[in-house]
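Okay, here's what each chain looks like letter by letter:
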Amino acid sequence: MSAPPPRVTHGPGEPYVGTSVPRVEDQRLLDGRGRFLADLAAGALSVVFLRSTEAHAVIESIDTTRATDMPGVVGVYTGNDLPLARDYIGSLHTPDPGFVAATGFRMPEQRLAILPVDRVHYVGQPVVALVASDRYLGEDALEAVDITYRPLPAVLDPSASLAPDAAPIHPHLPDNEAGRIEVEFGDDVAADAVAVTVEGTYRIGRHGAVPLEGRGVLARVDGQRVSVWTSTQIPHLVRQGICEATGWSVDAVRVVVPDVGGGFGTKANVYAEEVVVPVLARLTGHDLVWVEDRQEHLVGSAQGRDQVHRTRLSVDREGRVLRWEDDFLLDIGAGGLWVAGVVANTAIHLLGPYRIPRVRLRGRAAFTNKTITAQYRGAGRPEACFALERSLDDAAGRLGITPVEIRRRNLLTAADLPYAQPLPYRDGVPIVYDGGDYLRCLDSVLELLPAETVERLAAEHPDLTIGHGVGCYIEATGRGSFESGRVRLTSTGGFEVASGAASAGQAHETVFAQVAADGLGCSLELVTVRRSDTDLVRHGVGTFASRSAVLAGSAIRRAAEQLLDQATGRAAQLLGVSPDLVKSTASGFAAADGSSEWEISWADLATACAPGGAQEQLGPLDVVEYFHPETVTWTMGAHAAVVGVHRGTGAVSVLSYAVAHEGGVEINPQVVEGQVIGGVAQGIGGALLEQFRYSPTGQPTSTTLAEYLLPGTCDVPDVQVRHLGVATPCNPLGVRGAGESGTIAVSATVAGAVEDALHGLVRVSETPIRTGPLRAAAEQIRREGQ
Amino acid sequence: MTVEDAFSPLAQRVPLATTVNGRPVTLAVPARLTLADLLRDELHLTGTHLGCEHGVCGACTVLVDGRSVRSCLLFAVQVEGRSVVTVEGLQDHPTTGRIKCAMARHHGLQCGFCTPGMLVTATELIDRHPPEKPLDEACVRETMSGNICRCTGYQGIVRAVLEAAADPATGTTHEG
Ligand code: FES
Ligand code: FES
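Residue numbers (the numbering used here), protein chains in the order written: chain A, 1 to 786; chain E, 1 to 176.
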């Protein structure tokens, strides 16, 4: 095992940003004192959901009489029993008109019912909600709900779903197209310039976030207000979803985020349960809790990926890319409130970190009768990366150059960057990669994990045939429109920080405290970061798309600086000196005029602005800032893997892995590294193990963790990470997002290594990688004694 | 619970006497109540987490008579007369204390949902490891393979367990 990473420790007077201060969260989590959603359930009645057992069907009748009479049952509710202003949840993202104009982006309005009364669209869709004294009795009673379905043909193949004669799955729409995009630029390529053209079909299987903690919602009614605790990444969007569906005013709903046991995108979504539980709390007058179980999660929580790319890549004799074409298809299942995001992400990230003069991309998203989807870590980027990187490997093979060499010849270098693409980003702002030197990432990852590692590992593992692969990715991070940050001086002279970006394990309590302490010039111990609560910050967006450090971090930094500025004025006033004589210290302020010295602590300032204090009329020191980035900032990286394919079984083991990424300033290097390593682990899951499978009639067959396989301790090797920081001018902290960097290139990299291990006898064009063909190739290699 | 509920066979309660974190516990529980739900809902020991409720993820791991078990797969009545220890009960256990310090140092947790289960499994691994067998990385990875972490990629967890195993005296950094 390699040595632990060097620790960047914090010295007196130095900024906290850039140092791996220990995580504030750890102590309570290690002691078993975390407060996750299910831990708050005491005293609440249980809500349980009856979910559709049909992939596609008309609901002929629902009879709740028997269930209502069951022991412990408080009430049974169908969609007809819910007083809703609107019975569906609206889209969470609408692209900018400039982007729409440039890309022909289109999407229809989705209206998947919160609790459907006439038609179901996927197995797992909630249909009936039941309130009972406990979950055991509630689940008993669910079995007594009598529901009759008239099955309709289930559409599971996105191409069939988009066929001209296919019946629309959603009756309010003319067809099954959930979104479309088209991007084209560059001049036609002269035929004689092309040395090699490769065509391929690449499939990225349906997999998803599957956080270890499922979802859950707790609602309490207090007078006119409802407070909702939910295991979410986006509390303000949940509040918006609840208000739009119920017609309640935003002032009547408070959304609070407890400790969240992982999110990765599936919790950056607004769900029917998040509307139904508070509505039923109002109806029944009881505190209510719903805690998702794993089986519900695997059929009812948003999934991801599930794309097919049909590609064509042309290169010249030197391996330089001349033309890149891709026609891709996304299966978003019965619905996806982020379809615009995933479609646009896929198209944009197909441009890669390379010089590509001629591009032609078309994408379509299709409705099918599978579970709903959202943005799973990467959200279109890993899929785009897989298609492009696999095509590059193919072209390299045909030209007789190495995968490393073809990338070396096409990657953007310091001479090219910043690099403008002839296309606006999703926010309408022209795309400019604001990086430093992308080629350096490739060189760097090869230093960490050179191709020669194969020989050493081959000697150690005679039962495996070993190969090396590389993959590069680009990632737009820190998307707007804005995020909030609030910093306030508490009555005891400490600081409380809050933001709309909820934490699901990203150590916000630590990193936002670092940012605030630097902005305030105070010691870290004075700062406490509160969990996200719409009562603490009235406006916010949430944590997803590698945006929190960039946006919330910047908002908090500005709020802290403003508070310091205001406080400096107040300190000067209290001391009776001019503000320019006042200096901030770790504990407050000091002033000197040559002969005398004064000091005033933050606690003194807090007392001064409290009732009865000298500055009572100035009010509390409490600053809210919104940070609106001009546009995104780009992270780039290169991955390398050494894998072994078992000669007898074809099973793939990832033996060694490395990532070199060009991020920005790291607020807490250890936290960033953890994000990258954890991202690689999820990427390995997607490449080798994870898949939501469906029977031909649309029955999900991956409904336990014994069938939906998450990577375990023996599936993930140590990952070496090298951070090549290039600060960005896009935000006051100079940070770039890193939450998805670990995941994006894994499938492409592992696939390349598998092909190398099998001497090119197989082409890997889908994930999860099937071991059958690998075994045959490994067998052939063994026979030929290679 | 309403009056009729008390007569439901489903709600029939069975007397249970057991020990949890060193304290005797005597109560009547529904026969079908799982050990995990007893700990979490009746005894309010919410440090034991439920990640799957079907025996795969290991988040619910507790010790029963010193051996790790999945509390989601046991009925509460099965621990009659036994001694149950949860993460809360390991608060003052020196091995667990060392693992915790090492976990924090090595970034062995992010969301922390898997952490209590990891700590229980790792504590058993270190405490009951036969001295003649090497407690190396392969051994740690194999023993912990029934505990899933979705956040960390395991690197920090494995390092932390190795470090805690290597230096029982101080728990200070062990380079290896
Ligand atoms: S909750 Fe018991 S093993 Fe997952
Ligand atoms: S830290 Fe989140 S599951 Fe392990």
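Keep in mind that the hints are not guaranteed to be accurate.
Quick list of simulated restraints, FRET-style, between CB atoms [as the list claims (entries may be wrong)]:
#1 E455(A) with C139(E): 54 to 60 Å
#2 T607(A) with P15(E): 33 to 39 Å
#3 P15(E) with S61(A): 41 to 47 Å
Derived pair list, reagent style SDA-like, types lysine to any residue, alpha-carbon separation capped at 25 Å [stated by the list, open to error]:
#4 K133(E) with G18(A)
#5 K583(A) with T631(A)
#6 K133(E) with D715(A)
#7 K133(E) with H461(A)
#8 K583(A) with S653(A)
#9 K133(E) with E80(E)
#10 K583(A) with D565(A)
#11 K583(A) with G569(A)
#12 K583(A) with T568(A)
#13 K583(A) with H539(A)
#14 K133(E) with S601(A)
#15 K583(A) with A144(A)
#16 K583(A) with S595(A)
#17 K133(E) with D718(A)
#18 K583(A) with S601(A)
Computed far set for chain A versus chain E, every beta-carbon distance over 12 Å [unchecked claim]:
#19 D26
#20 Y88
#21 R294
#22 Q675
#23 G742
To be clear, the hints were calculated from the coordinates, so they are not data collected in a lab.
Where is the CB? At the ideal position from N, CA and C, for every residue including glycine.
Evaluation of the provided hints:
{"no.": "1", "hint": "E455(A) with C139(E): 54 to 60 Å", "in the structure": "27 Å, violated"}
{"no.": "2", "hint": "T607(A) with P15(E): 33 to 39 Å", "in the structure": "58 Å, violated"}
{"no.": "3", "hint": "P15(E) with S61(A): 41 to 47 Å", "in the structure": "44 Å, holds"}
{"no.": "4", "hint": "K133(E) with G18(A)", "in the structure": "41 Å, violated"}
{"no.": "5", "hint": "K583(A) with T631(A)", "in the structure": "35 Å, violated"}
{"no.": "6", "hint": "K133(E) with D715(A)", "in the structure": "23 Å, holds"}
{"no.": "7", "hint": "K133(E) with H461(A)", "in the structure": "22 Å, holds"}
{"no.": "8", "hint": "K583(A) with S653(A)", "in the structure": "58 Å, violated"}
{"no.": "9", "hint": "K133(E) with E80(E)", "in the structure": "34 Å, violated"}
{"no.": "10", "hint": "K583(A) with D565(A)", "in the structure": "11 Å, holds"}
{"no.": "11", "hint": "K583(A) with G569(A)", "in the structure": "11 Å, holds"}
{"no.": "12", "hint": "K583(A) with T568(A)", "in the structure": "8 Å, holds"}
{"no.": "13", "hint": "K583(A) with H539(A)", "in the structure": "33 Å, violated"}
{"no.": "14", "hint": "K133(E) with S601(A)", "in the structure": "58 Å, violated"}
{"no.": "15", "hint": "K583(A) with A144(A)", "in the structure": "71 Å, violated"}
{"no.": "16", "hint": "K583(A) with S595(A)", "in the structure": "16 Å, holds"}
{"no.": "17", "hint": "K133(E) with D718(A)", "in the structure": "23 Å, holds"}
{"no.": "18", "hint": "K583(A) with S601(A)", "in the structure": "12 Å, holds"}
{"no.": "19", "hint": "D26", "in the structure": "4 Å, violated"}
{"no.": "20", "hint": "Y88", "in the structure": "30 Å, holds"}
{"no.": "21", "hint": "R294", "in the structure": "4 Å, violated"}
{"no.": "22", "hint": "Q675", "in the structure": "8 Å, violated"}
{"no.": "23", "hint": "G742", "in the structure": "8 Å, violated"}
Consistency with the previously given hints fails for numbers 1, 2, 4, 5, 8, 9, 13, 14, 15, 19, 21, 22 and 23, ordered from lowest to highest.
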